[in-house]
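Place chain B on chain A using the hints.
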Amino acid sequence: MKFYDTIELAGRNLREAGLRNSLTTLGISVGVASLVAMLSLGIGLQRLFAQAMGRSGLFDSVFVTQRQDLRGTRLAQGDLTPPKPLDDAARSSFEKLLGVQEVYSYFTAMGEFRLEDTRPEDSHFSVVGGLPPSARGSEAFDDFQGRFFSSDDAPEAIILADFGRVLLDLPPEPANADPKLTTDQVQRLLGKDLILRFGQRSADSSSPTAPGDPAPDNSAFNVVRKEQTLKIVGVVNNEPYRGMGGGPGRRAVLLPVGFAESLNMMQPGDVRSLISGGQGRRYNSLVVRVAKSQDVPRIEEQVKKLGYNAFSIVDASRNVTNVFRFVDLFLAIFGSLALAVASLGIVNTLVMAIMERRREIGIMKALGASDGDVKRIFFYEAGCMGMLGGGLGAGLGWLIGRVINFGTNLYLERWVEVKPQNFWYVPLWLALAAIGFSVLVSLSAGLYPASRAARLDPVQALRHE
Amino acid sequence: MDEAVRRSRRSNHSVNGSDSGETVTAVVTSKETSVESSRALDFKAPEAVRTVSLVRHYRLGGSIIPAVDGVSIAANRGEFIALLGASGSGKSTLLNLIAGLDRPNSGAIVVEGQNLATLNPLELAQYRRHMVGMVFQSFNLVPNMTLYENVELPMRLAEVRRRERKARACEALEKVGLSDRMKHRPSEMSGGEQQRAALARALVNQPKILLADEPTGNLDSKTGNEILELIRGLSRGLDMTVLMVTHERPLAERFVDRMIFLGDGKLLGETQNKLGAAK
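Chains as they are written, first to last, in my numbering: chain A, 1 to 465; chain B, 1 to 279.
Calculated from the structure, these hints are not laboratory results.
Please note that a few of the clues may not be correct.
As the list claims (entries may be wrong) - Distance condition first, Cα-Cα at most 20 Å in a straight line; then the derived EDC-like pairs of lysine to aspartate or glutamate: (1) Lys166/B / Glu149/B; (2) Lys375/A / Asp239/B; (3) Lys292/A / Glu16/A; (4) Lys180/A / Asp142/A; (5) Lys375/A / Glu123/B; (6) Lys304/A / Glu112/A; (7) Lys2/A / Glu164/B; (8) Lys183/B / Glu8/A; (9) Lys180/A / Glu139/A; (10) Lys208/B / Glu193/B; (11) Lys375/A / Glu356/A; (12) Lys166/B / Asp5/A; (13) Lys192/A / Asp162/A; (14) Lys2/A / Glu253/B; (15) Lys274/B / Glu229/B; (16) Lys2/A / Glu229/B; (17) Lys192/A / Glu227/A; (18) Lys192/A / Glu301/A; (19) Lys175/B / Glu229/B; (20) Lys266/B / Asp239/B; (21) Lys375/A / Asp457/A; (22) Lys183/B / Glu16/A; (23) Lys274/B / Asp239/B; (24) Lys166/B / Glu8/A; (25) Lys2/A / Asp239/B; (26) Lys231/A / Asp193/A; (27) Lys180/A / Asp143/A.
Isolated chain A (complex conformation):
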């Protein structure tokens, strides 16, 4: 019998016992819905995590530093080559690697800050950092007040909220409290001039040398005290790219990285540069930003081959992904239980159908139906129920996810003041896979009834009343 004729007969049989088959199909859809709802929660959470990590800038970046040999470990390992300087040539070689989006200096320096209308003795010592233009997409700027830098070389500053408290002479918040400033407090800071006092490296070939020292090279420098006026353009609650690259501490004042570099500020690693000698500018550390996070291990490896220390936290994220996989598996098993119970419903429905249609099976065999024809009819009936139940269940699962999502977000927004998030996420592949799985489970459930129907003796079946 041709495929569409078999399907047509299967469909007719399903319609004939409409109520019973609808209930069985509903059972399957509930099973699929539970599976979809469970998995969509796992996928949604994983997606949120991935998004948050992606926006944190930690998972698509490789942190590069010059090779250290403070304890002689490299020498002990037989590596006698001198460490390569992390200079403009190195930066340029990183920029040329395939898949690299940008390379910028992880800039940190010390400075003293005060508002323009305060006395010099009221200055506050803190750490200044540089931010590339791409940092605008960081999650730290989600609840940002003010605006981002107008350009990479603008004398502008974005300050952390808790440093804003210091500048405004407000009492410090207790530990773990929200550092957020009120709108009024932020308005008192925005547009104000911030005076930065810092140590500037000033190249000076006439630097004094002791008798017998080698001739001075142009890597020698003097440090002079300088002041720079910055305009406060924004207040941010959390430090962007926090936890990256180390450094002397939390970067409370952020400048455009281009502008920060142009100030030629004395940085913590400058003493080493001085000792090592060499030409041109040296970086303490560079951040190599990769277009696709899956390319991070490759870029990390390539940077290491170029002779530098490279570090990424992809390994950490891999462990987290494994945890999510385990959670997904657990949720899938839990969700599949309902589907397993529903599949027993299919077996029951089809066995009942065989009892009822015993004579009909005998008639069909007398008219020339092969065992295979009979088997296929029952098999397709199971498959149709699985497909309908799967489609309905995927829709139901999506709906359950939406409703719970809505409820959760309502609660979070009202009580915790967290922005709405998609905790339940049903990607198209999940819906299609759920339907496919449902069909597969239904077909498996239909195997026994179908082969039982096919084995019926036509003579006995025709005698059945």
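For chain B alone, kept in the frame of chain A given last:
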């Protein structure tokens, strides 16, 4: 013993391998039967149907019931034959064996030169689909299908194209006078109408043999006469062999060419029916 007989025996053994105890009692052994078998399995024989020493036993508790016990009959092409006998004489079992619905314990069934004992289940299904049409005492129409759908069903199984199916189903229903009842379900029809629809369904794949198992058993005598009239007319028109099981001898005498008598599973005898043949 010729090769054909040996092949037939081998296949019978293989079919009934699971209950060889039954089969052993019925294996063709005598010289007479071998000669008869050899003639019967001449696949170019003119007969439409020939059974040779056909045996079908059933187990009932500890005892073996010989439903068909060494029956050898032949039906010529276009012949209308009645199988007569009391209840339990083996008529319906013989018909089921010829229809390929049941397998013999031993012996051979040759239909249009094809030995059914050598066919596998799929080939038997194809044989039922294309070679034979069946009519039953209780009509056996599928209750949840309309008459049209019932008549169309054998063509679905035979993978006839949809357009052709429609034309042939309409033609068959018209032949039996039911062209205006196509959309009706069997429960909405009288017994005679249901049997006519069953006849249309049996003939729609243009079989060479029509097997009718007490087709008038559930009908009044007038309707029964009409049905047999119809069968006879159609069989003559289509040159189709008809084997009809009945226990109504007077009715059979009015229509059939030959009557075969069975009793306790054995062939009791046969007689030509000049009255029926002359009609």
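Right, here's what the structure says about each hint:
no. : hint                : in the structure
1   : Lys166/B / Glu149/B : holds, 10 Å
2   : Lys375/A / Asp239/B : violated, 35 Å
3   : Lys292/A / Glu16/A  : violated, 55 Å
4   : Lys180/A / Asp142/A : holds, 13 Å
5   : Lys375/A / Glu123/B : holds, 16 Å
6   : Lys304/A / Glu112/A : violated, 36 Å
7   : Lys2/A / Glu164/B   : holds, 15 Å
8   : Lys183/B / Glu8/A   : holds, 18 Å
9   : Lys180/A / Glu139/A : holds, 15 Å
10  : Lys208/B / Glu193/B : violated, 23 Å
11  : Lys375/A / Glu356/A : holds, 16 Å
12  : Lys166/B / Asp5/A   : holds, 14 Å
13  : Lys192/A / Asp162/A : holds, 17 Å
14  : Lys2/A / Glu253/B   : violated, 43 Å
15  : Lys274/B / Glu229/B : holds, 16 Å
16  : Lys2/A / Glu229/B   : violated, 36 Å
17  : Lys192/A / Glu227/A : holds, 16 Å
18  : Lys192/A / Glu301/A : violated, 45 Å
19  : Lys175/B / Glu229/B : holds, 13 Å
20  : Lys266/B / Asp239/B : violated, 29 Å
21  : Lys375/A / Asp457/A : holds, 13 Å
22  : Lys183/B / Glu16/A  : holds, 17 Å
23  : Lys274/B / Asp239/B : holds, 19 Å
24  : Lys166/B / Glu8/A   : holds, 16 Å
25  : Lys2/A / Asp239/B   : violated, 30 Å
26  : Lys231/A / Asp193/A : holds, 5 Å
27  : Lys180/A / Asp143/A : holds, 10 Å
Hint compliance for this structure: hints 2, 3, 6, 10, 14, 16, 18, 20 and 25 are broken, all remaining hints hold.
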